[in-house]
Amino acid sequence: MSHSNTPSPKRFKSSGALTGRIAVPGDKSISHRSLMLGALAVGETRVSGLLEGEDVLSTAAAMRAMGATIHRGDDGVWSIHGVGVGSLLQPEQALDMGNSGTSTRLLMGLVASHPIRAVFTGDPSLSKRPMGRVITPLSQMGASFEASPGGTLPLMLRGISPAVPITYRLPVASAQVKSAVLLAGLNTAGITRVIEPVPTRDHSERMLRGFGAKLDVGEESGERIIEIHGEADLQPQTITVPGDPSSAAFFTIAALLAPGSDLVIENVGLNPTRAALFDVLRDMGGSIEELDRREVGGEPVADLRVKHSALTGIEVDPAVVPAMVDEFPILFVAASLAQGTTTTRGLEELRVKESDRLAAMAAALTLAGAKVEEYGDGLVIEGTGGDPLPGTADGVAITTHLDHRIAMSMAVAGLASDNGVKVDDTAPIATSFPTFETLLSVATSG
1 MSHSNTPSPK RFKSSGALTG RIAVPGDKSI SHRSLMLGAL AVGETRVSGL
51 LEGEDVLSTA AAMRAMGATI HRGDDGVWSI HGVGVGSLLQ PEQALDMGNS
101 GTSTRLLMGL VASHPIRAVF TGDPSLSKRP MGRVITPLSQ MGASFEASPG
151 GTLPLMLRGI SPAVPITYRL PVASAQVKSA VLLAGLNTAG ITRVIEPVPT
201 RDHSERMLRG FGAKLDVGEE SGERIIEIHG EADLQPQTIT VPGDPSSAAF
251 FTIAALLAPG SDLVIENVGL NPTRAALFDV LRDMGGSIEE LDRREVGGEP
301 VADLRVKHSA LTGIEVDPAV VPAMVDEFPI LFVAASLAQG TTTTRGLEEL
351 RVKESDRLAA MAAALTLAGA KVEEYGDGLV IEGTGGDPLP GTADGVAITT
401 HLDHRIAMSM AVAGLASDNG VKVDDTAPIA TSFPTFETLL SVATSG
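For the sequence shown, position 309 matches number 309 in full-length UniProt numbering, and the numbering has no gaps at all.
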């Protein structure tokens, strides 16, 4: 399911104010989980607003390979007929996860407590990403692994049933590792516990409860304790996926930076474990207003009205990192055009994403004319005070490292530059936001 091997370079240039109303695609995290849990429920689950990017389609293909019936209706609503917890089938071929680390780690959790074997493969970017943090707890539950050097893909997983319930304290805050253990616990008799020293995004907990799993969440000595009771019997659901806040982030910052902008982004998910970026941008002076705040499918949602603003550099509190870890690349762009210095620390996790996002963004922004200092756990950026970045020189392109967020972040940087910014490949954008360039054209044309 990975994107084309033929690079698709493009120079992004200033195109004026962003105005009008747009709707970003459905939340990727919720889309993945709706397909997985729908495939484990007996009966039909219906999902509207599903993100139809390559990452999510990789999840759909994997669940089909393990027995679920999944198809998209002409009305855009997805129908999932599940096989039931404990009834996943052994896939006949390797599961190609494309570029999706979320799919891979969560599906490893699902497979771990089923008596089947699965081989996971991915594109060159995903194949560099370490899976050891998931392999460790799942091995404690009884699954066995044959991984490539460094705990990377290709990887063979042999699940086990019955698996062993465990209590696992996350050594590093990670919603993916937490979710993998909880999903393994669905088909594990007894209580499987995950202890979080720092709260991470809670889409898995919300959706597991929605599908009928018995899940308890408590707190002890400042740590969050999540308990799932197996063996679960999931009930099919009707789900509406809210707009992805990570996708909305690119248009929010583009509108903040482009003079004259007044843009409404509709139906944005504002789960408090995901929405810290918008608070950080407000702290920098950004005008971001929530309109018609409501609840959709158990998730808080609002329309965001974003107006051009003069931003001021700040020191970002490391405590917010888990609630905006994917948004730092585009925040770095905002910081590059703010007044004064922005300091970010506690970002070691960004070095093991689709790329080393600290090094990639430091190099990319420097090439575009920004003043950036790179440290082991973050970047310090001296902003232009609102003046455009110079942009990349003719014949020079940003290296995106097959990373969709690097590509989109630098596309937004191009909108706020004199000469534009050329990225070496826009194809990876399709993994999470296939309509990105189309929406950009809509927003800048009013």
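These aren't lab readings, by the way, just hints derived from the structure by calculation. Treat each hint with caution, since some may be false.
Label pairs and their calculated CB-CB ranges [claimed, not checked]:
(1) D74 to A310: 26 to 32 Å
(2) G285 to A94: 27 to 33 Å
(3) S287 to P154: 45 to 51 Å
(4) G446 to D418: 19 to 25 Å
With a cut-off of at most 27 Å between alpha-carbon atoms, the simulated DSSO-like pairs for lysine-lysine come out as follows [claimed, not checked]:
(5) K13 to K371
(6) K371 to K307
(7) K10 to K371
(8) K13 to K307
(9) K214 to K371
Quick reminder that beta carbons are idealized off the backbone N, C-alpha and C, glycines included.
Next item on the list: Return the numbers of the hints above that this structure violates; sort them in rising order.
Entry: Checked against the structure, the hints that fail are numbers 1, 2, 9, while the rest are satisfied.
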